[in-house]
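For chain Y, the structure is supplied; the task is to place chains B, F and G on it using the hints.
Protein chains in written order, with our numbering: chain Y, 593 to 901; chain B, 593 to 901; chain F, 593 to 901; chain G, 593 to 901.
I should point out that these hints are in silico values taken from the structure, not numbers from a laboratory. Since the model is a prediction, treat every value here as computed from it, not as a measurement. Hints are supplied without guarantee of correctness; some may be wrong.
Said to hold, decoys possible - Result set (DSBU-like, lysine-lysine): computed pairs, CA atoms no more than 35 angstroms apart in a straight line:
id : chain 1 : residue 1 : chain 2 : residue 2
1  : F       : K866      : G       : K891
2  : F       : K866      : Y       : K700
3  : Y       : K700      : G       : K752
4  : B       : K752      : Y       : K598
5  : G       : K866      : F       : K598
6  : F       : K629      : Y       : K677
7  : B       : K821      : B       : K613
Protein chains: 4
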Amino acid sequence: MQIDYKQILEKIYKEIKPELKKGEVASYIPALAKEKKEQFAMSITLADGSNYSVGDSEKRFSIQSISKVFTFAQALNLYQDNIFKRVGVEPSGNPFNSLVQLEYENGKPRNPFINAGALVITDMLVSYYKDEYKTLEVILNFVREISSNKEITFDPIIAKSEMEHGFRNLALANLMKSFNNFENDVKNVVFTYFKHCAIMMNTKELSRAMLFLAFGGEDPITNKRFLTKLQAKRVNAVMLTCGHYDASGEFAYHVGLPGKSGVGGGIVAVVPNKLSIAVFSPGLNEFGNSHAGTIALEKFTTYTGLSIF
Amino acid sequence: MQIDYKQILEKIYKEIKPELKKGEVASYIPALAKEKKEQFAMSITLADGSNYSVGDSEKRFSIQSISKVFTFAQALNLYQDNIFKRVGVEPSGNPFNSLVQLEYENGKPRNPFINAGALVITDMLVSYYKDEYKTLEVILNFVREISSNKEITFDPIIAKSEMEHGFRNLALANLMKSFNNFENDVKNVVFTYFKHCAIMMNTKELSRAMLFLAFGGEDPITNKRFLTKLQAKRVNAVMLTCGHYDASGEFAYHVGLPGKSGVGGGIVAVVPNKLSIAVFSPGLNEFGNSHAGTIALEKFTTYTGLSIF
Amino acid sequence: MQIDYKQILEKIYKEIKPELKKGEVASYIPALAKEKKEQFAMSITLADGSNYSVGDSEKRFSIQSISKVFTFAQALNLYQDNIFKRVGVEPSGNPFNSLVQLEYENGKPRNPFINAGALVITDMLVSYYKDEYKTLEVILNFVREISSNKEITFDPIIAKSEMEHGFRNLALANLMKSFNNFENDVKNVVFTYFKHCAIMMNTKELSRAMLFLAFGGEDPITNKRFLTKLQAKRVNAVMLTCGHYDASGEFAYHVGLPGKSGVGGGIVAVVPNKLSIAVFSPGLNEFGNSHAGTIALEKFTTYTGLSIF
Amino acid sequence: MQIDYKQILEKIYKEIKPELKKGEVASYIPALAKEKKEQFAMSITLADGSNYSVGDSEKRFSIQSISKVFTFAQALNLYQDNIFKRVGVEPSGNPFNSLVQLEYENGKPRNPFINAGALVITDMLVSYYKDEYKTLEVILNFVREISSNKEITFDPIIAKSEMEHGFRNLALANLMKSFNNFENDVKNVVFTYFKHCAIMMNTKELSRAMLFLAFGGEDPITNKRFLTKLQAKRVNAVMLTCGHYDASGEFAYHVGLPGKSGVGGGIVAVVPNKLSIAVFSPGLNEFGNSHAGTIALEKFTTYTGLSIF
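Isolated chain Y, as found in the complex:
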């Protein structure tokens, strides 16, 4: 059965309109708060590089927590299973920035996609590259490479603004340091983390960047391998169980694809061995995930019949 992706995306685009008024744009920093709610974009990329998009798929936005997929992939490549001495792979069952669980579990974050876990991953990268500027450069170059786009960079104003309101992340990092699970200077690592969260990409670029995870760790267009097949599967497994904070179960239940959301309004997902997807709509639901983006993805799996289950 041949799926007409163009037609399906257009159908979703039409149907999603009433949802764009719902949800709330992230408002904890001015740079995010100024995004208009009624934006929407959706892109898919196939193995041959063909791309289907609807909406403002050229509009770049702050990818925020989606960047955690890229840093996790890099750390998994560098450290292999040693990564799990410092971070777990269990769903957190708590709001994404909770210190409670971190304290009960002696400073070891539950998974690499809650803030504490992503901070530990960034700390591991800084330990490896020995310098936070070098680390940021490596992260940026990785994202440029997987998306075949040298232009991609971060927004320093957003990063700075995050840092000025970043006391909770500083609390998380200091708490982990008190448990000896943080190696580098807290402020430097947290700022590096905010910088990679402030990477600006559009849905076309994001769906392109996720292609290697849909195809077992190897980019099917450039044939460049970034992860082993097993590692790629495992990144997908962690996206499925932990990719959407305390709504990961809901996302698995309704969408049925490995994915990762960010408070900037983006969500990425993969259909293993088939394609990669990115959506954008800045109105967030109660769990901090794009309201319209989540619904669009649910429609996509319903209309295409694609799902991992």
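Okay, now just chains B, F and G, sitting in the frame of chain Y:
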């Protein structure tokens, strides 16, 4: 590529031997404690009904929490999405019988596979059938039907022994009742729950019983439909995110299949559109899941390349 | 300096009027819900038996958790320090019926004045007297003796109504039983507990009953000793740190006397070596303590200068 | 009845010997770890300034959390009841540095004696004096004044060492800042806090310094008033309910006096309207309070019959 299941199962059977000494048999009731640790069995069933087994695949054991998959499927069929007024689909991020989260979340269990959630499901079935004996009969008949085996029944001695030690489940049910999330007599429902947990099946029967979930809710042999395609996918999604208590993320990471474990030492899993699996080995790991069973399933997905990711 | 108790009580009685409209009468059972909010009574009893009262000090009400002081005193007398194998003396720092802490602390309640702790105390009394009816009789006789009043009894309608809504207490008792910290039949003990909570007394009787705790364990009128001097001090210490659920610190801060409140609207307190007090006003504050009663006691210590600090 | 304090202290001194081998000296920073365990000192000061001491009562040690009494008294004097907009007076029911409760209660610490609460108090003082050096000077001068001793100062090496291991306190302060309950630069305030914790005093000086709290806020020797009578009572109330972390109930139960302990091995206490006490012995019990010091105080109240209950 044709997979030689027979050869792969035999390879696993040979390799698993050293693992059979590890883990601890559940000891909280005498009936479970007497199981010998060094047992092992593994069975797969394909769409055409062909079965491959190794080990003592005729040995029946107490399926315990695996029964929660069957009661959840039944309740989902009867109540559809109304089921989620009373139970969620999020991973719990806590040991399987914790009251903490239940209290913080006002008596609504996180998912149908933690004890509190399964008790609510049983309570919903009792409300529907208006009588706990009738309810048990319906559950048993459902399991007999999906496994094409009229002989299957529960062990009343195990059920009674569980009841005598069942104070924590009585606490859970009373707590939910105090939040108005429990409709029937606490003792009757808890006893019915223990009875369906005490259903005795072997791995051949269990892998056969799971076939309808591997094939979109319809038994591919009898062509009888038990769930809609969407419902079947959703049961699989909940198994993936919540099927192994606080090791669900680990299981997704290492095995990569929707599955459900029980303290009796059984684990069931499905490869969507391909096959269903059951393993048995009563030595449990620290999370209460079969130690050797988990490893055997990881080997299975590694050797076959089958995984949903 | 001679304190004019009569004048002070009358001053308080006049000033308390505007407060009687505030707070909410306990409404979880009909028998308590029907109490009119604007009631108030206050009584003090001195060493020579002289009593000063204002308001409706002859009106009996359900003493509820105040009964925990009497059962704790009895258990301390019977078991001495062995009591603390099963219950602690630390403030709970959580709402009075929380299961969270009980679970984290393996079924040992923090203190004898939270519900779980009081249930364990009742369980210990039932174990000692071997029968729940005998136990209730002993408790009633003790209260009759310390208050020199043979008429005192409990209200069976209130006790029955509590039992019909008592699922949370059944949950607490079952949870403790699962941790082997509960010896007798759960329902029998919980019902006995509700019966002693349903003892009906007025403020005159309650202030008289507390006199032995103000005077080192010996009733200064009858010269009958109920506790050693040390035990009496210790009951007072536990009242101070744990007597008002999660507002115990507030009570110590504002009132500065050992005391115990009940959801029926009563509060008792002692000024060591001087006098005992009881107040009644059924409108409760957010912590479940009598709103006007707490303020009246604060006024009392302010106007008399009596305080333990 | 005249109490022979000299004889009682000597009796305690003799009896306490076997206890000096027990407990563990605080080891999280080298400067504290080097204290020898078998030290002991105890001093009391009466209203007329007469002092009774046993042991090495001239030996200065790091007063640590005892300094929280002094900063709380200062902040209460400056802010009156406005202080309670930012910190509560309830026992915490959790280990002294727990972030859990702080997060659940939106960044408002339970009381001024847990670390988070003391950090907020120091932050309030820095806000008032507009500068952290000025703040430290004011704190030191206050301690010098209440102890009539101009020599008292802090140990900069201990303060610096604490700061180097102070990640948990930095986490607490950052968490409160994320809840808008922290006004000044986190590092500056935390360092100021560590400096006042590093104040060095001996038991003679400490018992002298506490005298104003035993006598309603006015130093009975100099007749200088530091707090109103009501404020002094309230500081005592908070010491009683919250002065010993999660062993405050135990301390009230066994000792029966308002007091405050520090991990340096010191404990101070007051007998209202009678005297003030200080003990020192660096071996700590499981709750972080001086093992021998706690026992010595229990003996003191037993032998003298002094207790607030």
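Now the hints, each set against the structure:
1. Distance hint between K866 of chain F and K891 of chain G is fulfilled; the C-alpha atoms sit about 25 angstroms from each other, no more than 35 angstroms.
2. Between K866 of chain F and K700 of chain Y the alpha-carbon distance is near 55 angstroms, which puts this suggested pair outside the 35 angstroms criterion.
3. Of the supplied pair hints, the one linking K700 of chain Y and K752 of chain G holds, its CA atoms being roughly 27 angstroms apart against a limit of 35 angstroms.
4. About 59 angstroms separates the Cα atoms of K752 of chain B and K598 of chain Y, which puts this hinted pair outside 35 angstroms; it is violated.
5. The hinted pair formed by K866 of chain G and K598 of chain F meets the criterion: a straight-line CA distance of about 29 angstroms does not exceed 35 angstroms.
6. Simply put, K629 of chain F and K677 of chain Y have alpha-carbon atoms about 59 angstroms apart, too far for the 35 angstroms limit, and the pair is violated.
7. For the given pair, K821 of chain B sits about 40 angstroms from K613 of chain B by alpha-carbon distance, which is inconsistent with the 35 angstroms threshold.
Of the numbered hints stated above, those contradicted by the structure are hints 2, 4, 6, 7, listed in ascending order.
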